[in-house]
Structure formats: C-alpha cells, structure tokens
Amino acid sequence: MYPDHTHPAPDQRALDVHYPTPIQPVVAVPAPLVPVQPSSIPAVASVVLPDGRVVTGYAINPVHPEPVTAKPAVARAAVNVALGGVGFLAVCGGLLLLTTFIAALTALVTQLITLAAVIFGGWIAVQIFGTSGHKGGTTVNIRKAIFKRNRFTG
1 MYPDHTHPAP DQRALDVHYP TPIQPVVAVP APLVPVQPSS IPAVASVVLP
51 DGRVVTGYAI NPVHPEPVTA KPAVARAAVN VALGGVGFLA VCGGLLLLTT
101 FIAALTALVT QLITLAAVIF GGWIAVQIFG TSGHKGGTTV NIRKAIFKRN
151 RFTG
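Heads up, the sequence shown is in this note's numbering, so the first residue is 1 and it goes up one at a time.
Source of the hints: derived by calculation from the structure; they are not laboratory data.
Be aware that one or more of the hints could be misleading.
[To be verified] Cβ pair distances, simulated, as ranges: (1) G94 x G122: 39 to 45 Å; (2) P50 x A77: 53 to 59 Å; (3) A90 x V63: 49 to 55 Å; (4) L96 x P72: 55 to 61 Å.
Note that the Cβ used here is the ideal one computed from N, Cα and C, for glycine as well.
Generate coordinates for the entire structure from the input sequences, incorporating the hints supplied.
This is the structure in structure tokens:
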C-alpha cells in the first residue's frame, strides 16, 4: 500500500486517545419542605395481576394534555384570495359603470353638437334664402297709402 515505507500502515499508526474530564457534581442544597395539608386523601386502589399478585397504590389522576388550538376551517391564504377576488369584482363593476358613464356623456355631447349645428344651419338658411326688405321691387307703405311707381297718393 505504501511502497516507500515513509508512512506507517493504518493499523500501525499511533492512536490519540482522549479521556473525558469528569465534571464534579454540584452539591444541591435541599429545599426546605413545607408541610401541605392535602385537600382530600386520595383513594387507595388495588389491582390483581394475571399471575395472582396484588398491587396496591394510590390512584393517580391522568394528565390531561393542553388543548390544541383548533385550526380554522379555511386557510388564511384562501381567505385573502377570496377577498382579493371580491375587490377585483368591485373594481370591475366600477370600471364598467365608469365606461358606461363616459359613453353616455359622449352621446350627450354628440347630440348637443348636432342640435347646435341644425339650429345654426337653419338660421343661416333663413338668412340666405329668406326674403329681405330691399331688392329693387315696388315699395308699398299701406298705412300712408303711397305707391311710388304708380304715382298714387292717398
């Protein structure tokens, strides 16, 4: 394995042995015993084992584990996703109402512009095609009964 013999074989190596340092035990001072009056004397129970021996001792109240907090029926993440969906639907409904309002406002402005164009166009048509007072015809003033061209005076 080691042809040059510079390294000893694994079984011939020196082993480093470490011994643990013992820890000195701490001498504990016993706590003073305070006499406690039991509220009730526990009952002594006897149990007969299958081989016929009888074991007698005090009954020990079973230890009840701490109640585990009940997990919610629905995960917190699921509640957050549901609330996000409700918020999204509310925003979509608001956007739908906003677009409806904008469309109605656009239709109203369009109708007002059309109405203004019809009224203004009618006024222009009346100005152009309507009868004006002086175009070279006969002037008649009925109240004074004067006909200029026919030389009639009343």
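We went through each hint and held it up to the structure:
At roughly 42 Å, the beta-carbon separation of G94 and G122 lies within the given 39 to 45 Å, and the hint holds. Between P50 and A77, the C-beta spacing of about 55 Å keeps the proposed range 53 to 59 Å intact. Between A90 and V63 the C-beta distance comes to about 52 Å, which sits within the given range of 49 to 55 Å. L96 and P72 have their C-beta atoms about 34 Å apart, which leaves the hinted 55 to 61 Å range violated.
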